[in-house]
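Peer 1: Spelled out from the first residue to the last, the chains are:
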Amino acid sequence: MTWPKTRYLITKGVRTIKERIYSRYLQKTSSSGPLSEWSQLLSKMMTSEGKPEALDDMMVLDLSYANFSGNITASFFAEAGAEVIKIEPPEGDPSRIISPYGANVKGVGIPYLMESRNKRNVALDLSKHEDRENLKLLATRADVLIETFAPGEMDDWGIGYRQLRELNPGLIYIAITPYGHYTAKGKEMAGMPWTELTSQAESGLAALIGDLPNTPEPYNWPTRAGFYAAGYTSAVGAACGGLVASFFKRRTGEGQMVDIASADAYASCVGFPPTIGYVWKKPRFRYGTLDYGLCPYGFFKCKDSYVAIACFRDQDFRAAMRILGKWKLEGEWKTLLDRITDDIDKVKELNSEVEDAVAKYTYDEINEKFSSFSVKSARSKWRGGGLPVTTKMLTPKEVLQEKHWQVRGSFAKVEHPSYGIVTLPVTGKLSKTPLRVKWLSADIGEDNEYIFKKYGLVEKKSG
Amino acid sequence: MTEDYFGFTNKLFAPQDTDKKAEALKGIRVLDLSHMIFGPTAAKFLAQYGAEVIKVEVPNQGDYWRGGTYWGKYWKHSNPLWHFINQSKYFVAIDVKKPKGKDLILKLAEKADIVIENFTSGTVEAWGIGYSQISKINPKVIYASLSTYGQYGPKRYNPGWDLLAQGASGVLSVTGHPDTDKYFKVPDFFGDFFPGYYAAMLILIALNYRERSGEGQYLDGCQAEILMRALSHFTYHDATGNDLGRTGNSDPTMSPSGIFKTLDGKFLALAIASDKQFQSFCKALGREDLARDEKYNKAFRRLQPEHALTLNKVVEEWVRTKDAAELIELARKHRFAATEVMDDVQICNDEWRQERGSVIPFEDDMYKKLVIEGPIAMLSKTPGRTKWLSRPLGYHNRYVLKKIMGLTEDQIKELEKERVVGNWDYRVGQRPPIYHDLAKDKIFNYKGGEDH
Chain H
1 MTWPKTRYLI TKGVRTIKER IYSRYLQKTS SSGPLSEWSQ LLSKMMTSEG KPEALDDMMV
61 LDLSYANFSG NITASFFAEA GAEVIKIEPP EGDPSRIISP YGANVKGVGI PYLMESRNKR
121 NVALDLSKHE DRENLKLLAT RADVLIETFA PGEMDDWGIG YRQLRELNPG LIYIAITPYG
181 HYTAKGKEMA GMPWTELTSQ AESGLAALIG DLPNTPEPYN WPTRAGFYAA GYTSAVGAAC
241 GGLVASFFKR RTGEGQMVDI ASADAYASCV GFPPTIGYVW KKPRFRYGTL DYGLCPYGFF
301 KCKDSYVAIA CFRDQDFRAA MRILGKWKLE GEWKTLLDRI TDDIDKVKEL NSEVEDAVAK
361 YTYDEINEKF SSFSVKSARS KWRGGGLPVT TKMLTPKEVL QEKHWQVRGS FAKVEHPSYG
421 IVTLPVTGKL SKTPLRVKWL SADIGEDNEY IFKKYGLVEK KSG
Chain R
1001 MTEDYFGFTN KLFAPQDTDK KAEALKGIRV LDLSHMIFGP TAAKFLAQYG AEVIKVEVPN
1061 QGDYWRGGTY WGKYWKHSNP LWHFINQSKY FVAIDVKKPK GKDLILKLAE KADIVIENFT
1121 SGTVEAWGIG YSQISKINPK VIYASLSTYG QYGPKRYNPG WDLLAQGASG VLSVTGHPDT
1181 DKYFKVPDFF GDFFPGYYAA MLILIALNYR ERSGEGQYLD GCQAEILMRA LSHFTYHDAT
1241 GNDLGRTGNS DPTMSPSGIF KTLDGKFLAL AIASDKQFQS FCKALGREDL ARDEKYNKAF
1301 RRLQPEHALT LNKVVEEWVR TKDAAELIEL ARKHRFAATE VMDDVQICND EWRQERGSVI
1361 PFEDDMYKKL VIEGPIAMLS KTPGRTKWLS RPLGYHNRYV LKKIMGLTED QIKELEKERV
1421 VGNWDYRVGQ RPPIYHDLAK DKIFNYKGGE DH
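Line by line, the protein sequences are chains H and R. The first sequence begins at 1 in my numbering and counts up by one. The second sequence begins at 1001 in my numbering and counts up by one.
Everything labelled a hint here was simulated from the structure, so no lab data went into it. Backbone N, C-alpha and C define an ideal beta-carbon position, used for all residues, glycine too. Heads up, some of the hints might be wrong.
[Stated by the list, open to error] Beyond 10 Å from chain R on every Cβ pair, some chain H residues (computed):
1. 123
2. 205
3. 303
4. 314
5. 326
6. 331
7. 376
8. 377
9. 379
10. 385
11. 431
12. 436
13. 438
[What the hints assert, rightly or not] With the C-beta cut set under 10 Å, the calculated list includes, among others, these residues of chain R facing chain H:
14. 1025
15. 1080
16. 1084
17. 1202
18. 1217
19. 1261
20. 1264
21. 1352
22. 1358
23. 1446
24. 1449
Okay, chain H solo, but in the shape it has when bound (with noise of 0.2 Å):
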């Protein structure tokens, strides 16, 4: 890396305006010692290399079939320094082919590509009675075991919870299906698959985007969130929930088994949905472009882009008004109780004199009035003047530009034989066991004779 790393630190330097703005606490206490010496915690913290990893005790088992979730989960692990076996069946596991519009790099796509990072892959047919077992030996050495079959499946197989437990009494057991593994739902509906726009219709997201209902069809319609929204929510709720059980297991030796269902996880992670059927009694419309809660409060449409208009506080809202030229609405609109958004008409006619407003600037004249009116307010000894805060939708191929990410190394670049060099998210900076890409392996059985001899796996008799 060639950026002049100390410029992103906490230095006397040159200060950009939006630090002059926000960095009032650190103006007065700059120079003193401790920042420095968080400055210096911040620098050690740009790079991975030579640290040691925080799960490198572990080994995790990546039985995940058809469902991304599962995928995801195991990745985690694996960049926190798990040694993680992704097994699948010789023909591949069915989520290599679920990639946008069939794109693929060798007929891997692009998620399963994403998601293999730092595993071993092995091909194991478990409806062969010698995989099987060369899977219960295996299981009597894991932490973690993470599948998505329908339920009761592996348990069919004599490879279920029940049974592993009996071999491994400290295996974390981790199952990610649409309705789980327990209830006469999850009975009923076990051999229903996990699709990601199934578990964000069921867990009340798709409800809740789309255009406004008075719009034409199918705009008015449930959207999908455009991307595995549900999916790496119930993978995060998974990771969680296995931590949690390591973290009892390396108090008391004891595994036990953790079970997702993706139907529910985005529900679960927000929270919002069954609390609000019961205190309002009638489920919500969809918002369109605008909030449930503020207005002015989402992204507005200006010459070149798309820019955010948010406004909190009174004060906020005063200092967007002035900038945008509208004060004239600002007596209508004054308190945040006039701008509660219930009366979606009478939100709407603010919603349209600020989208007019800003139309009429590019994004840069929107960044610079703004910033430029907060400096002044963050000078002025009287708070009341606001602080309006602004950015600009990014794509992510702009993203991808964004000097900061560069920076931070938001994105590792990866090479692999096979794959050529792979562009990969990656984020959880800790400063001493930060989570990382090693390497890349998304071919099937690409590891099977490292972790046959590993672990003394029988190989199965050819023919």
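Model the placement of chain R on the given structure of chain H, informed by the hints.
Peer 2: Same frame as chain H, but now just chain R:
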């Protein structure tokens, strides 16, 4: 023959046994200096599994999200959406800007295993309660600094929250219909909640490491970076040279896929992930010719935009001729994925969720009944649980200052007089419900002795 599998698992996870089971994080103390949603969510996850979380707020002001709500609707003088995020925590109000307040926080931090804050980069350091100060008095501490842009990098001082993080990370630019001028944000502060759980995961990684090595560490949790981790769009861009863009209500990674309207006017989500699922789906559809067609029988070809579009048209017409219940029954029988789009009320009243313990009609000592979500992960031996809902500002002052800090009633009264510690100022969100008799409340007036 052995017991039926679901007979075994229903006993293993029985929600009525939860209170009898152990708590994995019992004895872990968390000092939660954070506010709004991102930080408090990480602390909440730890509280659900048994950690003792002490939430520190500013007297007479409190967390801004106390007074926030949707559509201006409050519930028993509180923000109903705040309870889930701040369940089972201890609430103290200490003014960090007063020297005595700072000392109190440092003393609490000395006795804590984990500290969580989510102010703009450097703010806690300037206040004297940052990692460089606290690690000196408590070297084993795990200190999590959570912010939108992270603690270093050229944008480190930019403030931010859910909305800005969704814009800066690319999340906003991928949701909505192509060829329109509207980009929808992911609602309900997903950009705070998801990074909150991710931060909890990083804290747990550090906690597992501390258990083996005895070492604490510092954690820089960056909200926008965490959202970026959930996008395959960067890998896609660099592999293909294209931006994926917005894809409406279909999923470009599965074909067919989409949200469709049924005969009885409901919305049905349907998606086909694997070739095997496609074969059985075609049987249900009565179009086995499609299953044999070279354009569709292999996923990578089926996913091509023009083929996916044709298939989605076929599905759209088929779905329009049937009721939702009938379609879901077909999906169950033929083992492909289809569900109804669920709204707030359906989720609240869902029998499956209540049986599972994912939706809980919780009976609270102070607020009485409120329906809230259960834990995201069900653990058979150390299940997560809710002990109480949130509490008014500074409600546990006496409990925490006496029990943990060993202060006397007189010392606390002195601190109150100097406005170092305090309570609510009767603004909505801070104060207790009107029917609650504070004089009789043993925890609020904690004298010492019994546990809570």
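Peer 1: Going through the numbered hints above, which ones does this structure break? Give me the numbers in ascending order.
Peer 2: 2, 11, 20, 23, 24
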